[in-house]
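Protein chains in written order, with the working numbering: chain A, 293 to 747; chain B, 293 to 747.
To be clear, the hints were calculated from the coordinates, so they are not data collected in a lab.
Certain hints may be false.
Chain copies aren't distinguished; within one or between two, either way the pair holds.
[Stated by the list, open to error] With a straight-line Cα cutoff of 30 angstroms, these simulated DSS-like cross-link-like pairs (lysine-lysine) come out:
#1 K420 with K300
#2 K296 with K547
#3 K389 with K371
#4 K746 with K610
#5 K490 with K425
Protein chains: 2
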Amino acid sequence: MEEKIPYKIYLEESEMPSSWINLRAFMDKKPAPLLSPTTLKPITQEELSKVFCDELARQELDDTSKYIEIPEEIRNFYKMYRPAPLIRAYCLEKALKTPAKIYYKFEGNNTSGSHKLNSAIAQAYYAKQQGLKGVTTETGAGQWGTALSMACSYFDLECNVFMVKCSYEQKPFRREVMRTYGAFVTPSPSMETEIGKKINEEFPGTSGSLGCAISEAVEVASKNPEYRYVLGSVLNQVLLHQSIIGLETKTALDKYGVTPDIIIGCAGGGSNLGGLIAPFMAEKLQGKKDYRFIAVEPSSCPTLTRGVYAYDYCDTGKVCPLSKMYTLGSGYIPAASHAGGLRYHGMTSTLSELYDQGLMEATSVTQTEVFKVAQQFARVEGILPAPESSHAIKVAVDEALKCKETGEEKTIVFGLTGTGYFDMYAYQKFNDGVMQDYTPSDEELQVAIEKLPKI
Amino acid sequence: MEEKIPYKIYLEESEMPSSWINLRAFMDKKPAPLLSPTTLKPITQEELSKVFCDELARQELDDTSKYIEIPEEIRNFYKMYRPAPLIRAYCLEKALKTPAKIYYKFEGNNTSGSHKLNSAIAQAYYAKQQGLKGVTTETGAGQWGTALSMACSYFDLECNVFMVKCSYEQKPFRREVMRTYGAFVTPSPSMETEIGKKINEEFPGTSGSLGCAISEAVEVASKNPEYRYVLGSVLNQVLLHQSIIGLETKTALDKYGVTPDIIIGCAGGGSNLGGLIAPFMAEKLQGKKDYRFIAVEPSSCPTLTRGVYAYDYCDTGKVCPLSKMYTLGSGYIPAASHAGGLRYHGMTSTLSELYDQGLMEATSVTQTEVFKVAQQFARVEGILPAPESSHAIKVAVDEALKCKETGEEKTIVFGLTGTGYFDMYAYQKFNDGVMQDYTPSDEELQVAIEKLPKI
Chain A
293 MEEKIPYKIY
303 LEESEMPSSW
313 INLRAFMDKK
323 PAPLLSPTTL
333 KPITQEELSK
343 VFCDELARQE
353 LDDTSKYIEI
363 PEEIRNFYKM
373 YRPAPLIRAY
383 CLEKALKTPA
393 KIYYKFEGNN
403 TSGSHKLNSA
413 IAQAYYAKQQ
423 GLKGVTTETG
433 AGQWGTALSM
443 ACSYFDLECN
453 VFMVKCSYEQ
463 KPFRREVMRT
473 YGAFVTPSPS
483 METEIGKKIN
493 EEFPGTSGSL
503 GCAISEAVEV
513 ASKNPEYRYV
523 LGSVLNQVLL
533 HQSIIGLETK
543 TALDKYGVTP
553 DIIIGCAGGG
563 SNLGGLIAPF
573 MAEKLQGKKD
583 YRFIAVEPSS
593 CPTLTRGVYA
603 YDYCDTGKVC
613 PLSKMYTLGS
623 GYIPAASHAG
633 GLRYHGMTST
643 LSELYDQGLM
653 EATSVTQTEV
663 FKVAQQFARV
673 EGILPAPESS
683 HAIKVAVDEA
693 LKCKETGEEK
703 TIVFGLTGTG
713 YFDMYAYQKF
723 NDGVMQDYTP
733 SDEELQVAIE
743 KLPKI
Chain B
293 MEEKIPYKIY
303 LEESEMPSSW
313 INLRAFMDKK
323 PAPLLSPTTL
333 KPITQEELSK
343 VFCDELARQE
353 LDDTSKYIEI
363 PEEIRNFYKM
373 YRPAPLIRAY
383 CLEKALKTPA
393 KIYYKFEGNN
403 TSGSHKLNSA
413 IAQAYYAKQQ
423 GLKGVTTETG
433 AGQWGTALSM
443 ACSYFDLECN
453 VFMVKCSYEQ
463 KPFRREVMRT
473 YGAFVTPSPS
483 METEIGKKIN
493 EEFPGTSGSL
503 GCAISEAVEV
513 ASKNPEYRYV
523 LGSVLNQVLL
533 HQSIIGLETK
543 TALDKYGVTP
553 DIIIGCAGGG
563 SNLGGLIAPF
573 MAEKLQGKKD
583 YRFIAVEPSS
593 CPTLTRGVYA
603 YDYCDTGKVC
613 PLSKMYTLGS
623 GYIPAASHAG
633 GLRYHGMTST
643 LSELYDQGLM
653 EATSVTQTEV
663 FKVAQQFARV
673 EGILPAPESS
683 HAIKVAVDEA
693 LKCKETGEEK
703 TIVFGLTGTG
713 YFDMYAYQKF
723 NDGVMQDYTP
733 SDEELQVAIE
743 KLPKI
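Isolated chain A (complex conformation) (with noise of 0.2 angstroms):
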């Protein structure tokens, strides 16, 4: 064992990062703008701030500052539960007997057991400069909106949470965390907005979509100017806030002088690889060193890999903007899955034209495989992963066993999103042996890839 390395590298307060990096000011090729729904035109701040609040409007359209400076009182928050850990992987590697070093960023370390609270924080600082009462929106797994309960609760703003109703239902612990931090949980569809009663009325007895709650938290927002509607995946701003990531990773990486062969991490809508990445591919786009990425997805929802690089709403209802991305279409279902955070039907534009470019790599793994390797993780590194975070912990494994094969002592570093305490039921499926696979036939995804908007 090198005795250089620390198994987990703390970063001290003074050496966390001050700025966020925003990835797209270093693209030539910049990603392609956000287009309204309505007039199907590049999308202009002032109709951004209908929606979202001032200041993140401004970041979303913001592809030229290469730098942002975090408000002291974010940085303050950060201080509360990061810097986060990049941890030397040793017992896993000697499990593996692999030459490899293995290094994971592990995200997992606050209540809401994800790497969601760095944008949450940073969404709802900005809400209350605005002097607003209060933010919506909608959460799937529940991670989001467990972060953003506990981001509203230290703001004192009001959080209200449409929580697509089958896991209001089937994750009631996750509801409860929420509520703990004083949020406001409604199960969707509801009978508070009108998109909510309409789909009552047509579907009665619907478990809900994420689509669905997506439209009633934009409609609250909309239709009450103390509210703003806030998102955690998929847009520039999330990635910009996500990017304390990867420039944590690479001071500490830089500190013990070790550079990266290759960076790991899922991908559902891009935010934790986008942030992971972002300093680093900073310094590919510059041409000053050369990296390989890996976005890994599942093959239930393989939208970078299986695809179609196209303009595409964000969310099924089409109420919010359309986005160049790589998509399976945005009335396209994946089947359902354990990584719920996983589950989105395109990638955030940034990664999307990356990848379009061959800046970054992408596969596909399905959940059981997924989850053998999760256990084997933690079993060696006495982190219980959440399912989304071990698609990377996968593709890290691999690689790894590759450099076994050939003897190359290659530096791997990969993004341990979550925890997966809220995951036990998925876990108790693969203990049982009953936890089944899912490929999409190419049929099945041209369906939804058929009607995407012609644009």
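Position chain B relative to chain A; hints supplied.
Quick look at chain B alone, frame taken from chain A:
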């Protein structure tokens, strides 16, 4: 805000303790010896070794070695999840508007979610060293069973957990974490032991008890020479291993020149409190410094505040040794409360003796007042605390509010032993306003106390 003290103090690996501190060795008047349940005479190492691992039996009886070196393999495991951060509760102080300075040692940053792992890994290590095939134990709330599963998985030891049947059914997620780490989890009473069969016959459909689960675990270990029984609290060896909490806390405080005035911990069997105060109490015993120590127990199980100091059985089944301790009687069944980890009739002998000598204070609190403070703490400090740990928060807040009255800038340190992710049912009761309190009457307490063994 003082700039000098960071939000979180993390020790470097090189600053981590290399020895445990054995508090009893500093006491002039030692705790009374354990008695054999069969002879009622002081138990010998040989007798103890039939149930416990050899080295652990030795540690159990060693009240002279002031420091005991932590084996390298245990230190390496500690590095995977330790040092635990010592957190300055700036946000709580601000919310309380108190001049007091509040610190807490957070032990929830590991998958078992509590401090229990500190002793589990030590006990598993010594079992492995002895060449055993596995260990047996019982678990109620599930924190100890989870910690032991993780530890056994690391050392490739078989782990047999008898889980109180009602917990097995009501806390399926705890059960699944243990299974994910490879443990065999059996609902108790089972049909796999003589005592289990007997209890099932006598009380068909019983939901079990901790006392019965202990008896089953001890029976399996006693009948098979390749197994030993392990226990997560009450024992001297457990306090020894948990001293890592106090040693890290003291090193972190010393680093910044901070001397606490009051040190507070929740107390069930006494493992975390005993560990937290160890190095501080050693100084007090040597006359080097003075500190106030406060043990906090639930009003539904008021061992120190309303029990008697006498010899009693450590378990309801009376198969374990007898200990001289503050006790409510081994037949006392505390009312169902949401702090399962504090529902123990006795208190570890070391803390009992220190309390009896007037070196430590004790107080009891009701669970609704505990959850009220837990919620406030979660909202301002961002960590969702376990119900057990929240007992310490309650009293820390009370002491901080007293400082507000008097204007004193006292330094308060408390142990935050774990997280509440698996206690959301309890939080739900609180959120819904249907949580109830129970404080036993003197007459009720008298019943079990009258049945104490006459020694």
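Each hint tested on the structure:
1. In this homomeric assembly, K420 and K300 come within 30 angstroms of each other (Cα to Cα) only across copies, at 26 angstroms, whereas the closest approach inside a single copy is 35 angstroms.
2. Within a single copy, K296 and K547 get their C-alpha atoms as close as 11 angstroms, and across copies as close as 23 angstroms, so both meet the 30 angstroms cut-off.
3. Within a single copy, K389 and K371 get their C-alpha atoms only as close as 36 angstroms, which misses the 30 angstroms cut-off; across copies the closest is 20 angstroms, which meets it.
4. Proximity of K746 and K610 under a CA criterion of 30 angstroms is satisfied intra-copy only: 14 angstroms inside one chain copy versus 77 angstroms between copies.
5. Taking CA atoms no more than 30 angstroms apart as the test, K490 paired with K425 passes inside one copy only; the shortest distance there is 27 angstroms, against 62 angstroms between copies.
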